[in-house]
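Asker: Please take these sequences and the hints and turn them into a complete structure.
2 protein chains.
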Amino acid sequence: MAEDKLVSRSEDFNEWYNTLVLRADLADYGPVRGTMIIKPYGWTLWENMQQALDRRFKATGHLNAGFPMLIPRSFIDREASHVEGFSPELAVVTVGGGKELEEPLVVRPTSETIIGYAYSKWIKSYRDLPVLINLWNSVVRWELRTKLFLRTQEFWWQEGHTAHATHAEAQAETLQMLDVYLDFARNEAALPAYTGRKSASEKFPGADVTYSLEAVMGDGKALQAATSHNLGQNFARAFEIKYLDRGNELQHCWTTSWGLSTRFIGAIVMAHGDDQGLVLPPRLAPHQAVIVPIYKSEAEQALVLEACQQVRAMLADAGVRVIADLREGLSPGFKFNDWEMRGVPLRIEIGPKDVAKESVALARRDMPGKAGKSFVPVAGLAAAIIAKLDEIQQNMLARATEFRDANTSHPRDFAALTAAVVNGFARAWSCGKPECDAAIKEQTKATNRCIPLDQVPGGGPCVYCGEPATEQAYFARAY
Amino acid sequence: MAEDKLVSRSEDFNEWYNTLVLRADLADYGPVRGTMIIKPYGWTLWENMQQALDRRFKATGHLNAGFPMLIPRSFIDREASHVEGFSPELAVVTVGGGKELEEPLVVRPTSETIIGYAYSKWIKSYRDLPVLINLWNSVVRWELRTKLFLRTQEFWWQEGHTAHATHAEAQAETLQMLDVYLDFARNEAALPAYTGRKSASEKFPGADVTYSLEAVMGDGKALQAATSHNLGQNFARAFEIKYLDRGNELQHCWTTSWGLSTRFIGAIVMAHGDDQGLVLPPRLAPHQAVIVPIYKSEAEQALVLEACQQVRAMLADAGVRVIADLREGLSPGFKFNDWEMRGVPLRIEIGPKDVAKESVALARRDMPGKAGKSFVPVAGLAAAIIAKLDEIQQNMLARATEFRDANTSHPRDFAALTAAVVNGFARAWSCGKPECDAAIKEQTKATNRCIPLDQVPGGGPCVYCGEPATEQAYFARAY
Numbered sequence: 024m025a026e027d028k029l030v031s032r033s034e035d036f037n038e039w040y041n042t043l044v045l046r047a048d049l050a051d052y053g054p055v056r057g058t059m060i061i062k063p064y065g066w067t068l069w070e071n072m073q074q075a076l077d078r079r080f081k082a083t084g085h086l087n088a089g090f091p092m093l094i095p096r097s098f099i100d101r102e103a104s105h106v107e108g109f110s111p112e113l114a115v116v117t118v119g120g121g122k123e124l125e126e127p128l129v130v131r132p133t134s135e136t137i138i139g140y141a142y143s144k145w146i147k148s149y150r151d152l153p154v155l156i157n158l159w160n161s162v163v164r165w166e167l168r169t170k171l172f173l174r175t176q177e178f179w180w181q182e183g184h185t186a187h188a189t190h191a192e193a194q195a196e197t198l199q200m201l202d203v204y205l206d207f208a209r210n211e212a213a214l215p216a217y218t219g220r221k222s223a224s225e226k227f228p229g230a231d232v233t234y235s236l237e238a239v240m241g242d243g244k245a246l247q248a249a250t251s252h253n254l255g256q257n258f259a260r261a262f263e264i265k266y267l268d269r270g271n272e273l274q275h276c277w278t279t280s281w282g283l284s285t286r287f288i289g290a291i292v293m294a295h296g297d298d299q300g301l302v303l304p305p306r307l308a309p310h311q312a313v314i315v316p317i318y319k320s321e322a323e324q325a326l327v328l329e330a331c332q333q334v335r336a337m338l339a340d341a342g343v344r345v346i347a348d349l350r351e352g353l354s355p356g357f358k359f360n361d362w363e364m365r366g367v368p369l370r371i372e373i374g375p376k377d378v379a380k381e382s383v384a385l386a387r388r389d390m391p392g393k394a395g396k397s398f399v400p401v402a403g404l405a406a407a408i409i410a411k412l413d414e415i416q417q418n419m420l421a422r423a424t425e426f427r428d429a430n431t432s433h434p435r436d437f438a439a440l441t442a443a444v445v446n447g448f449a450r451a452w453s454c455g456k457p458e459c460d461a462a463i464k465e466q467t468k469a470t471n472r473c474i475p476l477d478q479v480p481g482g483g484p485c486v487y488c489g490e491p492a493t494e495q496a497y498f499a500r501a502y
Numbered sequence: 024m025a026e027d028k029l030v031s032r033s034e035d036f037n038e039w040y041n042t043l044v045l046r047a048d049l050a051d052y053g054p055v056r057g058t059m060i061i062k063p064y065g066w067t068l069w070e071n072m073q074q075a076l077d078r079r080f081k082a083t084g085h086l087n088a089g090f091p092m093l094i095p096r097s098f099i100d101r102e103a104s105h106v107e108g109f110s111p112e113l114a115v116v117t118v119g120g121g122k123e124l125e126e127p128l129v130v131r132p133t134s135e136t137i138i139g140y141a142y143s144k145w146i147k148s149y150r151d152l153p154v155l156i157n158l159w160n161s162v163v164r165w166e167l168r169t170k171l172f173l174r175t176q177e178f179w180w181q182e183g184h185t186a187h188a189t190h191a192e193a194q195a196e197t198l199q200m201l202d203v204y205l206d207f208a209r210n211e212a213a214l215p216a217y218t219g220r221k222s223a224s225e226k227f228p229g230a231d232v233t234y235s236l237e238a239v240m241g242d243g244k245a246l247q248a249a250t251s252h253n254l255g256q257n258f259a260r261a262f263e264i265k266y267l268d269r270g271n272e273l274q275h276c277w278t279t280s281w282g283l284s285t286r287f288i289g290a291i292v293m294a295h296g297d298d299q300g301l302v303l304p305p306r307l308a309p310h311q312a313v314i315v316p317i318y319k320s321e322a323e324q325a326l327v328l329e330a331c332q333q334v335r336a337m338l339a340d341a342g343v344r345v346i347a348d349l350r351e352g353l354s355p356g357f358k359f360n361d362w363e364m365r366g367v368p369l370r371i372e373i374g375p376k377d378v379a380k381e382s383v384a385l386a387r388r389d390m391p392g393k394a395g396k397s398f399v400p401v402a403g404l405a406a407a408i409i410a411k412l413d414e415i416q417q418n419m420l421a422r423a424t425e426f427r428d429a430n431t432s433h434p435r436d437f438a439a440l441t442a443a444v445v446n447g448f449a450r451a452w453s454c455g456k457p458e459c460d461a462a463i464k465e466q467t468k469a470t471n472r473c474i475p476l477d478q479v480p481g482g483g484p485c486v487y488c489g490e491p492a493t494e495q496a497y498f499a500r501a502y
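In order, the protein sequences belong to chains A and B.
Following our numbering, the numbering of the first sequence begins with 24 at its first residue and continues without gaps.
Following our numbering, the numbering of the second sequence begins with 24 at its first residue and continues without gaps.
Hints listed in this document are in silico derivations from the structure and should not be mistaken for laboratory results.
Chain copies aren't distinguished; within one or between two, either way the pair holds.
As a list, the in silico DSBU-like pairs of lysine-lysine whose alpha-carbon atoms are at most 35 Å apart:
(1) K170 with K81
(2) K319 with K393
(3) K147 with K319
(4) K396 with K319
(5) K464 with K170
(6) K468 with K122
(7) K170 with K147
(8) K28 with K393
(9) K147 with K226
(10) K28 with K265
(11) K81 with K319
(12) K396 with K376
(13) K226 with K265
(14) K28 with K81
(15) K464 with K122
Answerer: Now the structure itself:
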C-alpha cells in the first residue's frame with residue numbers, strides 16, 4: 024500500500040531504499056536481529072530470477088543437488104584461509120535433541136567444505152570428471168551491520184561447485200560462469216555490470232582467484248552482484264579430492280565455486296528505482312502489466328469490468344504475466360500509485376471511452392508522464408504489449424548503461440580519484456600493492472572493486488603511489 | 024553404476040531399499056549422523072515433483088515466500104501442544120559470531136511459530152484475508168532412527184500456511200489441500216494413497232484436526248506421504264493473529280498448514296520398485312527415455328551414433344526428457360542394467376538393423392521381458408513415445424491400485440486384524456478410544472493410520488474392544 028510519498032532518492036538514498044523495500048512489499052524484518060522475511064511479491068521476483076539463472080546453468084551442463092545445512096565445525100578448520108574468513112561469522116549448533124553435542128555443528132556459511140567431503144567420496148577416476156553441481160539454498164553469516172537484501176544474517180542464493188581434471192578446465196569454468204552472470208545481469212535484469220578479477224585482499228577465503236560483477240547503483244556506489252572463484256587445488260588438498268588420471272596416477276582435482284544471491288534484488292532496486300518506487304525489468308517482473316478499470320456509474324462499471332476481464336484473458340493466453348486490479352473502494356489514482364511503487368512495467372487503463380473506441384490506454388513505468396503514454400487498439404493488443412515490454416527492457420538497459428558510463432571517470436591522479444568516488448566509479452591505473460588499496464580506502468572510503476579483464480595495452484603511473492602500473496582497476500564506495 | 028544385483032525385495036525389503044537408494048544414485052549419507060545428501064538424479068526427481076505441486080498450489084491461489092530458518096527458542100514455547108511435540112527434536116544455536124547468544128535460536132522444525140509472528144504483523148482487517156502462502160525449504164528434527172528419505176535429520180519439503188476469517192474457510196482449505204496432494208499422488212506419482220483424518224493421538228502438535236495421505240508400500244506397510252492440518256485458532260491465539268471483521272470487531276484468525284516432503288521419494292521407491300531397481304512414473308522421471316546404441320564395427324558405430332543423435336534431437340524437440348547413453352567402453356547389457364536400476368520408463372535401442380529398417384526397439388521398464396518390447400518406425404516416433412509414456416503412467420497407477428486393494432483386508436475381529444497387518448492394511452470398525460489404538464499397536468505393531476472420509480453408513484463392533492463403533496479406520500505397520 025502506498026500511503027505516503029517516499030523520500031526522494033536525492034534527499035536520502037539510504038532511507039529511500041529502506042522504505043521502498045517495505046512499501047513495495049518485497050520484504051519485511053524477521054524476529055531475530057538482521058534476519059529478513061521475503062514476502063510473496065519479492066519471492067516471485069526471486070523465482071523469476073532463479074528460473075532465468077537455472078536455465079543458463081542447465082544449458083552449460085550443471086545439475087542441482089541438495090546438501091545438508093549443518094556441517095561439522097572441524098570441516099571449516101581444514102582450509103587455512105577459509106577458517107580465517109568465516110570463523111567470526113558462524114552460527115553454531117551446540118545442542119541437538121536435548122543433548123550437548125560432542126562436536127558442534129555450524130549452519131553453513133557456504134558449502135565448499137561439505138562439498139569437498141562428498142566429492143572426495145564420489146570422484147575416483149578421470150571418467151568421473153568434471154562434476155558440475157549447483158545448489159539452491161540459504162546460508163547464515165553473523166553480520167553486524169545488516170540491511171534488507173544487501174546484507175542479512177541469512178540469505179538465499181545459489182552456489183555452484185565443480186571439480187575438474189586440470190587447472191585450465193577449472194579456469195574456463197570460472198570464466199564461463201562469470202559470463203553467465205553477466206549475460207543474466209544485462210539481458211534479464213537490465214544491469215550492465217562491470218566484471219573483473221578481485222585484488223588479493225578482496226578475494227574469497229580459500230580461492231586462488233575471485234572474479235566478480237560490480238554493478239553501479241543509482242547513487243554511484245558499487246554493489247558486488249555475483250562472484251566466481253577458481254579455488255585451485257586448495258579444497259582438493261584439504262579434503263583429499265583425488266582422481267586417477269589416464270596414466271593411472273593419483274592427482275588432486277581443481278575446483279571452482281560461484282554464487283549469486285538475493286542481494287541482487289537490492290541491486291535491481293537501487294539501479295532502476297525512482298522517486299515513485301520500484302522500476303522492474305519486464306523479463307523479471309512478477310506482474311508485467313496491470314489492468315486498472317476506470318468508471319463512475321454502475322452501468323459503466325459493468326461495461327468496463329467485462330472489458331478488463333477480456334483483456335486480461337487475452338494477454339494471459341499470450342503468455343503475458345498480467346493482473347487486473349479490480350479492488351473496490353479504491354480510486355484509480357490510488358491504484359496507479361500503488362502499482363508504480365511496486366514497479367509494474369506497464370499499466371493498462373480501461374474506461375468507458377476506451378471500451379467505446381475498442382482501445383486501451385498504456386502507461387510505461389520507465390517513462391513517467393505523457394512521453395510514456397499511448398493508446399492501442401484492442402485488436403492485436405497482445406502483440407503490441409509484448410513489443411512494448413521488450414522496448415521497456417531495452418530502454419532500461421540502455422539507460423542503465425548510459426548512467427554507468429556517465430558515472431565512471433578515468434582519473435589520472437589521486438585528487439581526481441578522490442573527487443570521482445564521491446558518487447561514481449573511477450577506472451584508474453593501479454600498481455596492485457595492497458598498501459595502495461588500503462590507503463585509498465582509508466582516505467576516500469572507496470575500495471578496489473575489480474581489475475577488469477579488458478585491459479588497455481601499455482601502462483601508467485599508479486593513481487595512488489605513482490609507481491609504474493600495467494593494469495587498471497575500478498574503485499568505488501561499495502555496499 | 025549397477026555393479027551387482029540387488030538383494031530381492033522378498034528376501035530383505037529393508038536392505039533392498041537401502042541399497043537401491045544408493046545404487047540408483049538418488050542420495051548418499053551426509054557427514055553428520057542422520058543427514059542425507061540428495062544427489063543430482065534424486066534432486067531432479069524432486070524438482071519435477073516440486074513443479075507438479077507448485078503448479079497446483081498456484082492454481083489454487085497460493086504464492087511462495089521465504090522465511091528465516093532460525094527462530095527464537097521462546098516462539099516454540101508459546102503453543103502448548105507444539106512445544107511438547109517438538110522440544111525433544113530441536114537443534115539449538117547457542118553461539119553466533121563468536122558470542123554466546125542471549126536467547127538461543129532453534130533451526131526451524133516447521134514454521135508455524137514464525138509464520139504466526141509475521142501474520143500477526145501483516146493482518147489487520149478482513150480485507151487482508153485470506154493469506155495463502157507456501158514455503159519451499161528444509162527443516163531439521165533430531166531423529167534417533169534415520170533412513171534415507173524416510174526419516175532424516177534434515178529434510179526438504181514445502182509447508183503451506185494460510186489464515187482465514189472463518190472456521191469454515193479454514194476447513195475448506197485444509198480439505199482442498201488434501202485433495203491437491205491426492206491428485207498429485209495419483210496423477211503424477213501413480214500412487215493411489217488412502218486419505219483420512221488422523222486419530223487424536225496421531226495428529227500434528229498444535230492442530231485441531233490433521234488429515235493425511237497413507238500410501239501402501241511394496242511390503243504392505245504404510246507410509247504417511249503428506250499431511251494437511253486445520254490449526255483452528257490455536258496459533259492465532261498464541262501469536263495474536265487478529266483481524267477487524269466487517270462489524271469492526273477484533274477476531275482471531277483461523278489458520279491451516281500442510282506439507283509434503285522428500286519422504287515422498289521414499290514412497291515412490293518402495294511402491295513401484297522391483298528386483299531390478301527403481302521404476303519411475305514417466306511424469307516425474309528425470310529421464311523419460313534413454314537411447315542405447317548397439318554396434319560392433321567402427322562403420323556400424325558411426326551409422327548408429329548418428330541415428331541416436333537424430334532420434335534424441337527429435338524427441339527433445341517434442342518435449343520428451345530424453346538422453347542418449349553414448350558412453351564408450353561399456354556394453355549395451357551393462358547400460359540396460361544401469362538404466363533399469365535408475366528406473367527410466369522407456370529404453371530405446373538402436374542397432375545397425377534398426378537403422379536399416381528405419382525403426383527402433385522399445386523396452387518398457389514397467390513390463391520386463393518380451394511383453395514390454397516393441398518395434399516402432401522412426402517416422403512418427405515422437406508421438407508413439409509420448410503415447411507409450413502415457414500408457415506406462417496409466418499402467419503403473421492401475422497396478423498400484425490393484426496392489427493396494429489386494430493388500431487391504433476388512434477384518435471383523437482382532438485375530439483377523441492381527442493376521443492382516445503382517446503385510447497389509449486393515450480397514451476395520453474402530454471405537455476411537457486411544458486405549459484401543461494403543462493396545463492394537465502394542466500387540467500387532469500396527470497403528471491407526473487414518474479414519475477415511477468415505478465412511479459407510481451404520482456401524483459395527485470395534486475390532487479391538489467389541490464396543491459399538493460408527494467409524495472405520497485403516498490400521499497398518501508404518502514407516
